[in-house]
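Colleague: Here are the chains, one letter per residue:
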Amino acid sequence: MTPILTTLTAIPALAAVLALFAGNRTSVARTIAFVATLLSLALSVWIWFAIGADGSMKFVERADWVPSLGIEYHLGVDGLGALMLLLAAIVSLMAIAASRKVATQPGLYFALILLLESGLFGTFTALNFFHWFLFWELSLIPAFFLIKLWGAEGRGRAATQFFVYTMVGSVALLLAFLALFLATGSMDFEVLTRMAATGELASAIQAHLGPITLWLALAVLLGFAVKVPLMPFHTWLPATYSKAPTPVTMLLTGAMSKMGVYGLLRLALPIFGHELAQVRTPLLALATLTVVAGAWAAAVQKDLKRVFAYSSINHLGYCLLAIFAVVLPSSSSATSQLSQAAALDGVVLQMFNHGLTAAAIFWFLTLLEERSGGLLGIDDFGGLRKPAPVFCGLMGIALFSSLGLPGLNGFVSEFLIFRGVFPLSWVSAAVSVLGLLITAAVILTVIQRVFTGPLPEQWKSFPDMTAGERVALAPALVLMAVLGLAPQLALGTINATVMHLLAGWRL
Amino acid sequence: MLALTIYLSFAGALLLALFPRAWGRASRVFALAVALSGLAVAVAGFIEAGTQGTVSVADVAWIPAMGIHYTLAADGISRVLVLLTGLAAVAGILFSWNIGDKDGDRANEFFAFFLALIGGVYGVFLSVDLFLLFVFYEIAIVPKYFLIAIWGSTRREYGAMKLALYSFAGSAMVLIGLLAAYAAAGSHTMNLHELAQYNFPISFQMWAFPLVFTGFAILAGMWPFHTWAPTGHVAAPTAASMLLAGVVMKLGAYGCLRVAMTLFPHGLDPWGFSFLGIGSWRTVFALFAAIGIVYGAAVALVQNDFKFVIGYSSVSHMGLVLLGLLTLTQIGLDGAVLQMFSHGILAGLLFATVGRIVYERTHTRDLGALSKLQLGKAMPFAAWLFVIAGMASMGLPGFSGFVAEVQVLIGAWQAFPWFAVVAGIGIVVGVAYTWRAMQRAFFSDAPMAAADGVPVPEYEPVTWAEKAGVLLLAATSLLIGLYPRLLLDVISPAVQALPHALLTGGRP
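Going down the list, the protein sequences come from chains D and H.
So the working numbering is basically just the index in the first sequence, starting at one, shifted up by 1.
So the working numbering is basically just the index in the second sequence, starting at one, shifted up by 135.
Warning: the hint list may mix true and false statements.
Taking lysine to any residue pairs in the SDA-like style, the calculated list, with each CA pair at most 25 Å apart, reads [said to hold, decoys possible]:
1) H:Lys512 with H:Tyr494
2) H:Lys297 with D:Arg450
3) D:Lys303 with H:Ile285
4) H:Lys237 with D:Gly384
5) D:Lys387 with H:Phe165
6) D:Lys387 with H:Glu292
7) D:Lys461 with D:Gly384
8) D:Lys149 with D:Gly77
9) H:Lys237 with D:Leu456
10) H:Lys602 with H:His498
11) H:Lys512 with H:Gln465
12) D:Lys387 with H:His498
13) H:Lys297 with D:Asp381
14) D:Lys461 with H:Leu617
15) D:Lys149 with D:Phe136
16) H:Lys297 with H:Pro359
17) H:Lys512 with H:Asn439
18) H:Lys602 with H:Leu617
19) D:Lys102 with D:Phe136
20) D:Lys387 with H:Trp232
21) D:Lys461 with D:Gly383
22) H:Lys297 with D:Val36
23) H:Lys297 with D:Val434
24) H:Lys237 with D:Gly383
25) H:Lys297 with D:Thr446
26) D:Lys303 with D:Gly155
27) H:Lys297 with D:Gln449
28) H:Lys297 with D:Gly384
29) D:Lys102 with D:Val36
30) H:Lys237 with D:Pro388
31) H:Lys602 with H:Pro359
Distance ranges between label pairs, derived from CB positions [said to hold, decoys possible]:
32) D:Lys102 with H:Lys237: 51 to 61 Å
33) D:Asp380 with H:Gln549: 56 to 66 Å
34) D:Val483 with H:Ala175: 29 to 39 Å
35) H:Ala193 with D:Pro390: 30 to 40 Å
36) D:Val472 with H:Arg290: 38 to 48 Å
37) D:Arg101 with H:Tyr293: 30 to 40 Å
38) H:Tyr293 with D:Ile213: 55 to 65 Å
39) H:Lys237 with D:Val472: 45 to 55 Å
40) H:Pro336 with D:Val483: 35 to 45 Å
Everything labelled a hint here was simulated from the structure, so no lab data went into it.
The beta carbon of each residue, even a glycine, is placed where N, CA and C say it ideally should be.
Just chain D, same shape as in the assembly:
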């Protein structure tokens, strides 16, 4: 059997080494990155279509690694994993395409991006905590250096803040899984999930370590809460997103933020679902806060990158809302199972949709930045529709996808989330509707201030998008419309996976 997933992860890692040799030749390094990522994309498209629709793990690879520590090389993907691979490949490709001007050391820059991509692939395929964690951390290091070396002014502080916050979360995760290993002798996600489902896990922890199961659950949660982020653990994000070079922000918000949501679905809910259900109400309150306050914070920002940084918090807040609404203890009725499935379908689709849309929006910001000489304040522009109608029209599509306009991708996933959450926790759903409303106001304000209104003298000859840029962005925009009109294309596989996941969990 060919180790498809290992190959997928290895391609960008090997290309990273090659790119390092490119040194100062930007075009060489960029071409290497392009080819490697295109290959990965082709492979992940193939994986997505090859996994079938029964929702179980496919392309499984197993090999002993450190048997004495319960460490096994164990890879596999289901619909969730495969969709994330696809997203990671798409967003990486977009980020590489958007990185046309690299100030210094292009070889290193593209090598780090490829390494980050490899870390993403590894995280989305690993099924044993040990090397899952390895990849989780591996993706952190290139991100840190990308911010630190190529970021905007104030980058040092932002990079450090990003690193420290995420590290705290990681340490909490590590400690919790070490405790699990002590109690059960295994670090395998599938084994731990099975033990959790039978209740064996809780009693093993109780027997070996005392009554700390809930604390372990909270530690795991913290790791992911920082990454997504859940308010109030979000404070690293706006500075990081706005100081990072914009193509790197595309990766951060498009793909890396999904690692947190993915972790919740792959690790936290299967293993600690029962414990998290005990603290469901405060978690729902925090998720609702994330949705509403994230949108509100976006509304008062003056810098476009910060606007969309907070808007990302808001959009992923819907995922958190749905995930916490799903951890409903003793939900056996058919109706609530249907709602749980709808909510999780929405979450998985929203992860993909937000990744695609946010990456596209930050790509447009890159183009804007290149043309304005670095200016990205919301008040720096106005009336750009006149000199650059195509730019405004196409960016408008991405913005409306973010707003949740029907016919585009964002609407379907947010609708599914609300449709699922409403029966499970109608108060938090009803309050979160405010988030939708404020987001609409934010997006319309951006359109109004940047695209319409009086045109300042300095932008009279603002260059419109070139043919190459149009062609480069078109696939992303087309995908938004396709997923908006025919969500069934993705939802079939997603729903099968979600059903399979739900069947294996004890909440």
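Using the hints, position chain H against chain D.
Modeller: Frame of chain D, contents of chain H only:
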């Protein structure tokens, strides 16, 4: 077949967006062709269905896992409103015929947004699946925003944003109500007909009804949530004002009837106690509607901006629609639907006169300034047009408005005698503001410029497109006024087919 109206409009919008900018004239010709074929389909569908009940249009599984289907169907009410949309679309394009003359007009974009809006409106009127209805409802909001924000006039950014936010707030309320209904009915279907069969608990209907009704009524311009309407109308370019008053406000009223009242008929039941004589949501909303009728008319009476007069008159006329709906009598509901159609036509005519024919030539909408221009002599066509449209709008027999308003008033008289009196006062004030606007704009005998020796100013002659648009709308209003059975024979069976719980008529 009626589904073609939706596809034609969206396909037309998409193609127009791809047109080169320089094709200003080609864009408008193409848009007119699309709108005309939409109207042709609407008329053909209307004739073909005759007085039948609901005709199915399309039914395809869309997101089967969620029980969401692409289901379209049209009962008499839908068919009448689709017809209205077709007429408004054609007239709107005829009255935008000056867009595309200049290179900077971006005519292709203007007409693309215009047709996208029309497509969304057709979609709402034809949707049976609530998810689909909501999708089209939201799709209609965005082009409206752009039409105003880009091609509008007075405080266009403010007007556009206010309108969009009010609409989104309304649809958020609707969304909550729809999801709640979906969950309460067992989460199997979004089909309106199937959900209407489900007996939602009374306590549930008691909160879901006002939520969804208010959500939709915001778009219908119900007092006190009407403030977006006058500012939006004034800021919008003429064609957009016509659509806004002509069909978009009807979306709100249609949603009130089709979704809120059909799904939650018991939400209209008495609470079991009364406060200041108000004992049910039905009375609350009827009161709002009655206040809207008088308030809109009274404010129209003191406006100096000609477009504000028409804007507020829309609030007043939509109050009649809502009052008619809440009578819960056959005649009142018939009247309400007919009033939707009639006001759609007449508001179009009035906005066209004021915004296109007069304003494009005089570049002022201030009644004081207009009174010095002797428009009665300089622009006899506009003057007589306004006389006719104003008469029709104030409810002169022979025009569509009369038949509709009389029915609403009879219904209201049975259901809420006091509100009928209030509505009657509103209609009287309506005569007053129309008269005043007519006097000041066209027939002012205050400082006659001619007496001072200043010649009557010359204006561009009325174009063929303007004449065609006027003819289309005025003839329709006259036709329906003289032979209302043309529509009523289609509307009445559809009203009778509404849930029995709704039409017990004249409940206290």
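Colleague: Which hint numbers does the structure go against, in order from smallest to largest?
Modeller: 8, 11, 14, 19, 22, 31, 32 and 39
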